[in-house]
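Here the protein sequences line up with chains A and B, keeping their order. Using the working numbering, read the first sequence as starting at 1 and increasing by one per residue. Using the working numbering, read the second sequence as starting at 1 and increasing by one per residue.
One or more hints might be untrue.
Unchecked claim - List time: in silico DSS-like cross-link candidates among lysine-lysine, alpha-carbon distance up to 30 angstroms:
(1) A:K298 with B:K122
(2) B:K88 with A:K151
(3) A:K300 with A:K374
(4) A:K441 with A:K508
(5) A:K300 with B:K88
(6) A:K519 with A:K548
(7) A:K560 with A:K350
(8) A:K374 with A:K387
(9) A:K560 with A:K508
Claimed, not checked - Distance ranges between label pairs, derived from CB positions:
(10) B:A43 with A:P78: 44 to 50 angstroms
(11) B:I174 with A:G113: 24 to 30 angstroms
(12) B:T64 with A:A137: 35 to 41 angstroms
(13) A:K298 with B:I26: 56 to 62 angstroms
(14) A:A384 with B:A43: 49 to 55 angstroms
It should be emphasised that the hints constitute simulated quantities derived from the structure, not laboratory data. Computed from a predicted model, the values in this text were never measured in an experiment. The C-beta atom is built at its ideal place from N, Cα and C for all residues, glycine as well.
Listed below are the residues making up each chain.
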Amino acid sequence: MARQMTGAQMVVQALKDQGVEVVFGYPGGAVLPIYDAIFQQNDIRHILVRHEQGAIHMAEGYARSTGKVGVALVTSGPGATNAVTGLTDALLDSIPLVVLSGQVPTFMIGTDGFQEADTVGITRPCTKHNWLVKDTAKLSEVMHQAFHVAKSGRPGPVLIDIPKDVQFATADYTELPAARTAHYQPRTTGDAAQIARMVEMMETAERPLFYTGGGVINSGPRASQLLREFVAETGFPITSTLMGLGSYPASGQNWLGMLGMHGLYEANLAMHGCDLMLNIGARFDDRITGRIPDFSPKSKKVHVDIDPSSINKVIRTDVGIVGDVAEVLTEALRQWRARGSKVNKEGLAKWWAQINEWRAVKCLTYKNSTTVIKPQYALERLEALTKGMDRYITTEVGQHQMWAAQFLGFEDPNRWMTSGGLGTMGYGLPASIGVQIAHPKSLVINVAGEASWLMNMQEMGTAMQFRAPVKQFILNNERLGMVRQWQELLHGERYSQSWSESLPDFVKLAEAFGCKGIKCDNPKDLDDAIMEMIRYDGPVIFDCLVEKHENCFPMIPSGKPHNEMLLGDAETQGVIKAGGAVLV
Amino acid sequence: MSALNIKKGSTSHSAYELRDPNAPVIESHTLAVVVDNESGVLARVIGLFSGRGYNIESLTVAETDHASHRSRITIVTTGTPQVIEHIKSLLERMVPVHEVHDLTVEGPSVQRELALLKVAGKGEHRIEALRLAEIFRANVVDSTLESFVFEMTGTPVKIDAFADLMRPLGLVEIARTGVAALARGV
Numbered sequence: 001m002a003r004q005m006t007g008a009q010m011v012v013q014a015l016k017d018q019g020v021e022v023v024f025g026y027p028g029g030a031v032l033p034i035y036d037a038i039f040q041q042n043d044i045r046h047i048l049v050r051h052e053q054g055a056i057h058m059a060e061g062y063a064r065s066t067g068k069v070g071v072a073l074v075t076s077g078p079g080a081t082n083a084v085t086g087l088t089d090a091l092l093d094s095i096p097l098v099v100l101s102g103q104v105p106t107f108m109i110g111t112d113g114f115q116e117a118d119t120v121g122i123t124r125p126c127t128k129h130n131w132l133v134k135d136t137a138k139l140s141e142v143m144h145q146a147f148h149v150a151k152s153g154r155p156g157p158v159l160i161d162i163p164k165d166v167q168f169a170t171a172d173y174t175e176l177p178a179a180r181t182a183h184y185q186p187r188t189t190g191d192a193a194q195i196a197r198m199v200e201m202m203e204t205a206e207r208p209l210f211y212t213g214g215g216v217i218n219s220g221p222r223a224s225q226l227l228r229e230f231v232a233e234t235g236f237p238i239t240s241t242l243m244g245l246g247s248y249p250a251s252g253q254n255w256l257g258m259l260g261m262h263g264l265y266e267a268n269l270a271m272h273g274c275d276l277m278l279n280i281g282a283r284f285d286d287r288i289t290g291r292i293p294d295f296s297p298k299s300k301k302v303h304v305d306i307d308p309s310s311i312n313k314v315i316r317t318d319v320g321i322v323g324d325v326a327e328v329l330t331e332a333l334r335q336w337r338a339r340g341s342k343v344n345k346e347g348l349a350k351w352w353a354q355i356n357e358w359r360a361v362k363c364l365t366y367k368n369s370t371t372v373i374k375p376q377y378a379l380e381r382l383e384a385l386t387k388g389m390d391r392y393i394t395t396e397v398g399q400h401q402m403w404a405a406q407f408l409g410f411e412d413p414n415r416w417m418t419s420g421g422l423g424t425m426g427y428g429l430p431a432s433i434g435v436q437i438a439h440p441k442s443l444v445i446n447v448a449g450e451a452s453w454l455m456n457m458q459e460m461g462t463a464m465q466f467r468a469p470v471k472q473f474i475l476n477n478e479r480l481g482m483v484r485q486w487q488e489l490l491h492g493e494r495y496s497q498s499w500s501e502s503l504p505d506f507v508k509l510a511e512a513f514g515c516k517g518i519k520c521d522n523p524k525d526l527d528d529a530i531m532e533m534i535r536y537d538g539p540v541i542f543d544c545l546v547e548k549h550e551n552c553f554p555m556i557p558s559g560k561p562h563n564e565m566l567l568g569d570a571e572t573q574g575v576i577k578a579g580g581a582v583l584v
Numbered sequence: 001m002s003a004l005n006i007k008k009g010s011t012s013h014s015a016y017e018l019r020d021p022n023a024p025v026i027e028s029h030t031l032a033v034v035v036d037n038e039s040g041v042l043a044r045v046i047g048l049f050s051g052r053g054y055n056i057e058s059l060t061v062a063e064t065d066h067a068s069h070r071s072r073i074t075i076v077t078t079g080t081p082q083v084i085e086h087i088k089s090l091l092e093r094m095v096p097v098h099e100v101h102d103l104t105v106e107g108p109s110v111q112r113e114l115a116l117l118k119v120a121g122k123g124e125h126r127i128e129a130l131r132l133a134e135i136f137r138a139n140v141v142d143s144t145l146e147s148f149v150f151e152m153t154g155t156p157v158k159i160d161a162f163a164d165l166m167r168p169l170g171l172v173e174i175a176r177t178g179v180a181a182l183a184r185g186v
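Could you build all of it, start to finish, from the sequences and the hints given here?
Given below as structure tokens:
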């Protein structure tokens, strides 16, 4: 007694069965039947975006702040191609998304029809998997499989391309339990023998270090909890990638801060000097490793990753453990405790003494000003005034993103949404809306640069329409700050095209959208202005005019190892050799 | 002024040297990949190689189990051991991939390729071509008064050797299937 329904109804039914509450999308000719089905129900909320890229980033923000799968719906052709950047972003950051795209009817595929694009061809390299469904009878099962693939193993975006005639035609609906997913079952349990090797190494290591990443957050809250227990009981220091911030609290005693190109001095030197590196759910990204041959030369490396292809991809590891972080940590903790919770206390004490020397450098020190707002100061104040609040932070990409990672403290996972792998300018505003839709009562702030923010500013319309009171905290230096910084360090201070000319008046722009605009250019007024932003019940565009030529430090120059990082007051001219200039 | 001194052709560099400059030897491996026979699966596999700059020396694909819609892709690829391992794990994590076998390391295997060679010539050349074909156990599958088409099956090396011999005798055209391979024994 299978239920008969149209393809469009199947889409909606499958979304309901998967527990989907919100879909971010934009209608068009090839998805009209699905929009018709959405119109005739009240269970799934549709958020109408202003550009399909915005829909994907909103779904990403939604997914990252909830741990659920984000869903977006776009039309064929330009709708699908506009989604490509977001899909790639989600692929690189391992964010589970299901994206549905319309397609021209099956009998027109290949004719260069109106709004036809080879969507599965275009999105093949930027999705974890994708499907072109040519038969309505298969549609509901593919929908269920898509959710399974998106969230299983290493999460990622998947896309289903649905021709219009498939949406209209009728067939039997495959109920969720009947959908075949057995074939794709990535391994989640780590090899106990390998975990035993890791535990043994932890007992004797003199200079151990936890290096954690987004995998801890993707594994779920239990992984963060286990990590905290492990750190507390071992007393090991811990650092994290940009993607992993919040899995261990920034206020935690053993926290060294973020590592990497703009990571903290103590974190990077600990990476360089450790004798046991415990990589939990990170992937040795090039922002982290610097020069590969000089990367942490004296350490044994343990790598826990759910994706076997991440292990030994970039850095040779001594112990590779394929598995889900929470499962591996559970077993590792069990073994370690069963063997008597041993650590090398003497070595560890010396190691902490060394780390505390590095900490004493206070690498985030900057020269403050009484007349100009320093971007670091703006973020320090934002942190001080919002600390302890039910707060979510998104960012755009560039200097402000790195400063936010350095100066804002994250106490919990899923509170920090930033485009890590792809570095997508224009991510933060739509992502903040997606977060706010998921958490309507929380304070959601997008820390932005003015140039990034302009890339998807049309989404303020979405924020207004759906009453998402997102706060757009724009550190406006009238520059493409990070580009300008690299031009200063690498290209003889020739600032080619890196300033923001003809910027809009952000306060008037806010008024034009019907929201609140705040402008602040004086450090003395900053606290009041930030409080005004927080208190306002609705979206705010905060134009924070900051020092125009501030550089983001510390910085590991391209092609340099961790122990050759630049600090704020360092002489920076000529430090990057010609060989490093070719790197990004 | 070329202050950056970027070598020609080096603009395709990725962010950092991902491959060890003192890399160990480049090895050739034969991989057998069992996949769902669904549209786009070949593009997915090939895209994995092209997208990451890995080599495909030879590629053979056909449906091998009609009932369960399975195809077998045989790929000969080259790279350092680290690259080969990476390729295998990338293949294994793909959704439509069921099995990945590295026939080069999993034990002895048989590898065969089929080739068709068109050789045109008269007189002594023609007789010599036929004589060599017999030695190599190539069959004549088409003949005119001035040409033969030989069919031969063998390892890629054997086909190379035969093609080299045919070249001075009037080799016009050659078509090869790429390698199909199976592990020996059960």
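Check each numbered hint against the structure and report the violated ones by number, ascending.
1, 3, 9, 10, 11, 12 and 13
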